[in-house]
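Asks: Protein chains in written order, with my numbering: chain A, 23 to 121; chain B, 4 to 745; chain C, 1391 to 1928.
Worth flagging that the hints you see were computed from the coordinates, not collected in a lab. Quick caveat: nothing in here was measured; it's all calculated off a predicted structure. Wrong hints could be hidden among the right ones.
Claimed, not checked - Every beta carbon over 12 Å from chain A, so not counted as near; a handful from chain B, in silico:
id	residue
1	431
2	635
3	699
What the hints assert, rightly or not - Derived contacts from chain B toward chain A, CB cut-off under 8 Å, selection only:
id	residue
4	7
5	633
6	637
7	639
8	643
Said to hold, decoys possible - Here are the simulated DSS-like pairs of lysine-lysine, each with C-alpha atoms no more than 25 Å apart in a straight line:
id	chain 1	residue 1	chain 2	residue 2
9	B	175	B	701
10	B	701	B	566
11	B	63	B	80
12	B	701	B	741
13	B	601	C	1887
14	B	614	B	667
15	C	1762	C	1752
16	B	473	B	436
17	C	1762	B	28
18	B	667	B	601
19	B	175	B	322
20	B	601	B	566
21	B	175	B	601
22	B	175	C	1887
23	B	322	B	667
24	C	1762	B	597
25	B	614	C	1752
26	B	741	B	728
27	B	614	B	601
28	C	1762	C	1816
29	B	322	B	387
30	C	1816	B	614
31	B	597	B	614
32	B	80	B	322
33	B	739	B	728
34	B	601	C	1816
35	B	28	B	63
36	B	30	C	1762
37	C	1887	B	597
38	B	80	C	1887
39	C	1752	C	1847
40	C	1695	B	80
No residue lacks a Cβ here, since even glycine has one placed at the ideal position from N, Cα and C.
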Amino acid sequence: MPTTYYIVLSFVLFLIGTAGVLVRRNALIALMGIELQLNGGNLAMLAFSRELGDLKGHVFAFFIIALAAAEAAVGLAILVALFRGRQTVNLDEATLLKR
Amino acid sequence: MTFNLRLIPLLPFLGAAILMLFGRKWKRDTVLLVAAGAIAGSCLVAVDAFFTALPAAASKGGLHDVVGTWMAAGSLKIDLALRLDALSGLLCLIITFIGFLIHIYSSGYMEHDPDYPRFFAYLNLFCGAMLVLVLGDSLPVMFIGWEGVGLCSYLLIGFWYSSSANADAGKKAFITNRIGDLGFLIGMFLLYQFTGSLNIPEITAAASGGGALMQTLFPGTIFAAPVAFWAALFLFIGATGKSAQIPLYVWLPDAMAGPTPVSALIHAATMVTAGVYMVARMHALYLLTPGAMAIVACVGALTALFAAIIGFAQNDFKKVLAYSTISQLGFMFAGVGTANFGAGVFHLFTHAFFKAGLFLCAGSVMHAMGGSGDITIMGGLRKKLPFTHGVFLVCWLAICGVPFFSGFFSKDSIISGAFGTEIFGEGLLWVGKAVGVVLMLAALGTAFYMSRLYFLVFTGSETRASDEIKHHIHESPGAMVGPLVVLAVGAALGGFIGLPGGLLDHPEWNLLADRLAPVLGPEMEVSRSIELGFMVASVVLALGGIGLAYLFYGGGYREPSRKFAAAAPRFVRLVQDKFRIDELYGLLIIRPIKRLAKGVFFVVDRILIDKILVEGSGAIVGVLARMARAVQGGDVQRYMAVFAIGAAGIVYLATRPSVPDVLKVTVSGLSVDVDARRGSKPASRVQDYSFDFDDDGKPEVTGAAPAAHHAYPRAGTYTVRVQVKDPNWGTSTSLKQKVEVR
Amino acid sequence: MGLLGWVTMLPLFGAALVLLVPQEEESIHRGLGLLTAIVTFVVSLLVLTGFDAAQAGFQMEVNRSWIAPLGIRFHLGVDGISLWLVLLTTFLIPVTLLSPQAIGIRNIRVREFTAAMLILETGMIGAFLALDLFVFYVFWELMLIPMYFIIGIWGGERRFYAAIKFVIYTLVGSLLMLVAILYLYAQFHAATGGYSFDYAQLSHLTLPATPQLLCFAAFALAFAIKVPIFPLHTWLPDAHVEAPTGGSVILAGVMLKFGAYGFLRFALPMFPLAAAQAAPLIAILAVIGIVYGALMAYVQDDAKKLVAYSSVSHLGFVVLGILTLNPTGIQGAVYQMLAHGISTGGLFLGVGLLYDRRHSRKLADFGGLWAKTPVFAACLLVIVLASVGLPGLCGFVGEFLVLIGTFTAQKLWAPAGLSGYFPAPKLMAGIAASAVIISAMYLLGMYQRLMFGPLDKPENRAVRDIHGAETWVFGIVVTVAIVMGLAPQPILARSEKSVDAFVASYRDRLQEARRAPDAPAHIYPPLPAAAPEAGGTP
């Protein structure tokens, strides 16, 4: 399969993730959107890596996976804390940055 | 010649340190032993140095002791060095001897004070500092002692700290002294700048040469005068502070708040004479500048008279003595100011004895009177305090200048010196005469107010105090009376060390002048007629003053004194209020400074700088921030949307072809050159250009080159359109411009 | 790591250790912090004993590559000027940590406080020793953060205001300085082709007149705020008053010196022409500051604020001394920095102790304390007198040398063909010297209102004299104040060569800059032959 397909797929994944982050009000879904974005990036990395015959892309992908795991852990912890404090995970209600 | 001079100040310093660290837990006898022992040891070393070692070294600059380098920076080098010559040696003897007597006296006077060790620690500290002052071989070392004695004075005036008045008096003394010290500092700076040294021998040598110190300072201004004049004047300002002369004398009367032994030691015998000592020490400098000498002499004479007048109307025993001290110091300055340095130092010496004696008598009287110093309630104490009375009598006669008591010789040599001096040169000879006349008036005044004091306190048939106090009156203990007697002997006989040898055809009889000659130069020559004439005149004045006082106050307040007080009540009031000089200073100097400082603090510091400039700029930022806050809803998703839009914008801008804002078109004749590069650097991006010179949709030139050339067939106005494509991103943009070819 | 590296980094390691100990073990935090500070002091004494007073340049250098591509090197070195400032730092930190009042009356989070003090120490020592401008900047900013927390967490009632004010003031200056450092970096590249932040190299860069003036202004602003020079001083009273005792001591004792040190180390030598142009203005501001600070102190009724304003006055002497540009004045300035560290540090410790006992700083709330606290009163008296500048105590030496240096400034400059550089030196010295009167007025006034007078306020009857560790703290400070007053020479002798070299090189470079004020940036004097390798691309 030509590399272009992978790139297009990764771009689509990224856009779906972005849309999820931007429009969904549930923080959990937004978090999943972020994971989708990261995986979109991952896919692009791997595709280019294969295209160029260079392993650096794989290495980056591993880093991104690790980072995604960490981010999910922190993000979920924040969500739990948020829920404990406010009994909600609705992002419209979590506007603490305003103050 | 070197000698272990450092021991002299070191012993009292050690005593002070030991007492401060451990004295609080010791018995009183131990404390006294350490304190008096330290000063006695110091006295013995001084005696040894002065009488054994000094004679051999007198003509070679005296004894010398360098402890080490104090500070060296750049071309400035100051040694911690001490020098003992006849002048400083004499002062050392006075300080340690009278200091010792006063230690003994204090052991009786302070017997019941809970802060006994602290008192003796301060006394020792004072003696050490005073010895550094006189022994210092350079002005900065002298300045250590100079400020050190000021500190001890501060501490001892405020010794009974729980009264605010005492603490205020101490602070006033320190600050007034500091005003003088500013002058001292500036004098030092001038001397350093123009002689390159602060060592007294080197300054003396430079002054003997004249040269550098005779340069004109501030030429072309009204301040134009030789360096020596300014240096001498500024140093003298320091002396007016320390020695309580006009205009800085105001602290000394207040300083009487301290314990009486302190008044005797510090504010009569030693510290206040430091200014006189300093002028005598720097005599070589002063001799260069008759103008400064005239100022010294005039200030001294005026102070002598002015303080004597205030002394007429004071009703506090110690206040009278305080003004008397100011007045006598004025005599000394008049002496050194008329180049009669030996006489000034002589009077310093005799004054130390009789004034210390007078103060200690005051202490003894006040001790007996239950602490009160109000002479209006005293009287008739002659019988109740026989020893004190005897000592006071001797000292009184000495200060009045009754013949053959010590004050007679010293005061007389100052007055006759003033009339006989030639230092002021032709045009200013009258200065000496005027000073002499003023001094004679002051001598008359001295005899009057001292006699008033004597008559009101000791004569009369009964004491004017309440029965309760009367009942309590008793002679002081032996520890207090002993030193009194020793001082009385000094006050009676001290004058014989400075016999007017010239008058008696035996110049060598003047032991003091003989001794001081290597330091201060030979004794001033005054013609026999002048000397004899003024001797008679001053005896007449002294007796006249005493007689006048007897008329007014003999045996208590007599009719003439009441009449006088009734005739000029406002004048008497004014004199009693010390001419309200303190209030004047308060009104003119202290309050304006305080108000100014307060005003500046609120207006400049608080409002102008802090509120307007600092918080104002902060407020501007705040306003901008509040405007920016409108877009901050706190909604993360909105932030991200903005972020996404921004990122898209950046991508759009970054992928656009790189083109100039305006095409660069060069026309020459019918041909044109078009350059579509951005900036002058070679393009780093590979882009496709198509140049359509007549805007007909058919490009004439295409390719990767950013510039193209075209020749039009005929003149006219054309539109050039350039289309640029970026092959990597597939983006394109076009530019067009009108060209006119002729 | 080299001796200097150890001195710099030990407190940081100590801070890390302190932070590892559990929150509850307060005595361990205190002990560990004090131990670290003492060990650092001992190591700094090794630096002192190893220091060669006969040498003018930097000694015991540590110079290793840090961020090679940017030409940044971890370069430390000590000369006669920084030597004593480092010792002042390593001396004051243990004294402060020993004082039970250091943390102030909000006695919370001992662990964090101790760690902050130690991190602060690393920042200060590093900034004094840094010979690479980038490293200097890092340490310079590193100082800021712990001090921000010290004021903001352990401070008094208006602590947030004071902390923010302190940080913003300082940052405004230091960011401009950063810009100037980067500009120098670029110009150095343009002139030599190499990349370096090294002081030894950048200080040879002679800029044309206009950029020199701008860079000088950037540096001078940062330092003038730190000193502080009138009218940039208003952060100081707030910061000092709100900071806990330990913060005030270090702020006044050490941190203010960075302003003066910066002038001496960076602003003057690197921009000689601009410095000479601006010197009259700064000198006049310094004299204004001396008198102004003293007058402001005179009208304060808050003891801590009074001491804070007295710092403005005393630091004015330091700046004035530096600008005399003769060895006497600069030696005096260096000494005054040390003496002020001791005397003002002591004053803050004393005021802090009283605040701890009485929870008040208002002078009107005290009076007659001598009867209750004789030992403390005696110690405080010595410290007050040292601050007043009584000869024989530490404050006198510096003031005296500065004044004499100022007074004779013209004379010493005239031979070099630079007459007219210093405006009316005699007048300036005279006005500055008048501070000796005002300082006696406000400090003795303060002392009197604290210690003398009747003991008429019931709260004061319960005030306890110093005991235990407090006795040690004040005993040490008093001893040092006396020793430094009587024997300043050992200190002066060690800074002499460096100061002389500074003056000589400044004159030389000023003449070069005056010869061709508009020449493009060039290297003068030539770099030593064995210059370290230049870095790669930025």
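Asks: All the hints need checking, so say for each whether the structure fits it.
Replies: Evaluated hints:
no.: 1; hint: 431; in the structure: holds (84 Å)
no.: 2; hint: 635; in the structure: violated (6 Å)
no.: 3; hint: 699; in the structure: holds (37 Å)
no.: 4; hint: 7; in the structure: violated (78 Å)
no.: 5; hint: 633; in the structure: violated (11 Å)
no.: 6; hint: 637; in the structure: holds (3 Å)
no.: 7; hint: 639; in the structure: holds (6 Å)
no.: 8; hint: 643; in the structure: holds (6 Å)
no.: 9; hint: B/175 x B/701; in the structure: violated (101 Å)
no.: 10; hint: B/701 x B/566; in the structure: violated (131 Å)
no.: 11; hint: B/63 x B/80; in the structure: holds (23 Å)
no.: 12; hint: B/701 x B/741; in the structure: holds (17 Å)
no.: 13; hint: B/601 x C/1887; in the structure: violated (44 Å)
no.: 14; hint: B/614 x B/667; in the structure: violated (54 Å)
no.: 15; hint: C/1762 x C/1752; in the structure: holds (18 Å)
no.: 16; hint: B/473 x B/436; in the structure: violated (49 Å)
no.: 17; hint: C/1762 x B/28; in the structure: holds (16 Å)
no.: 18; hint: B/667 x B/601; in the structure: violated (68 Å)
no.: 19; hint: B/175 x B/322; in the structure: holds (16 Å)
no.: 20; hint: B/601 x B/566; in the structure: violated (49 Å)
no.: 21; hint: B/175 x B/601; in the structure: holds (20 Å)
no.: 22; hint: B/175 x C/1887; in the structure: violated (43 Å)
no.: 23; hint: B/322 x B/667; in the structure: violated (99 Å)
no.: 24; hint: C/1762 x B/597; in the structure: violated (31 Å)
no.: 25; hint: B/614 x C/1752; in the structure: holds (23 Å)
no.: 26; hint: B/741 x B/728; in the structure: holds (21 Å)
no.: 27; hint: B/614 x B/601; in the structure: holds (17 Å)
no.: 28; hint: C/1762 x C/1816; in the structure: violated (46 Å)
no.: 29; hint: B/322 x B/387; in the structure: holds (23 Å)
no.: 30; hint: C/1816 x B/614; in the structure: violated (35 Å)
no.: 31; hint: B/597 x B/614; in the structure: holds (23 Å)
no.: 32; hint: B/80 x B/322; in the structure: violated (44 Å)
no.: 33; hint: B/739 x B/728; in the structure: holds (15 Å)
no.: 34; hint: B/601 x C/1816; in the structure: violated (28 Å)
no.: 35; hint: B/28 x B/63; in the structure: violated (48 Å)
no.: 36; hint: B/30 x C/1762; in the structure: holds (21 Å)
no.: 37; hint: C/1887 x B/597; in the structure: violated (44 Å)
no.: 38; hint: B/80 x C/1887; in the structure: holds (15 Å)
no.: 39; hint: C/1752 x C/1847; in the structure: holds (13 Å)
no.: 40; hint: C/1695 x B/80; in the structure: violated (37 Å)
Hint violations for this structure: numbers 2, 4, 5, 9, 10, 13, 14, 16, 18, 20, 22, 23, 24, 28, 30, 32, 34, 35, 37, 40, all remaining hints satisfied.
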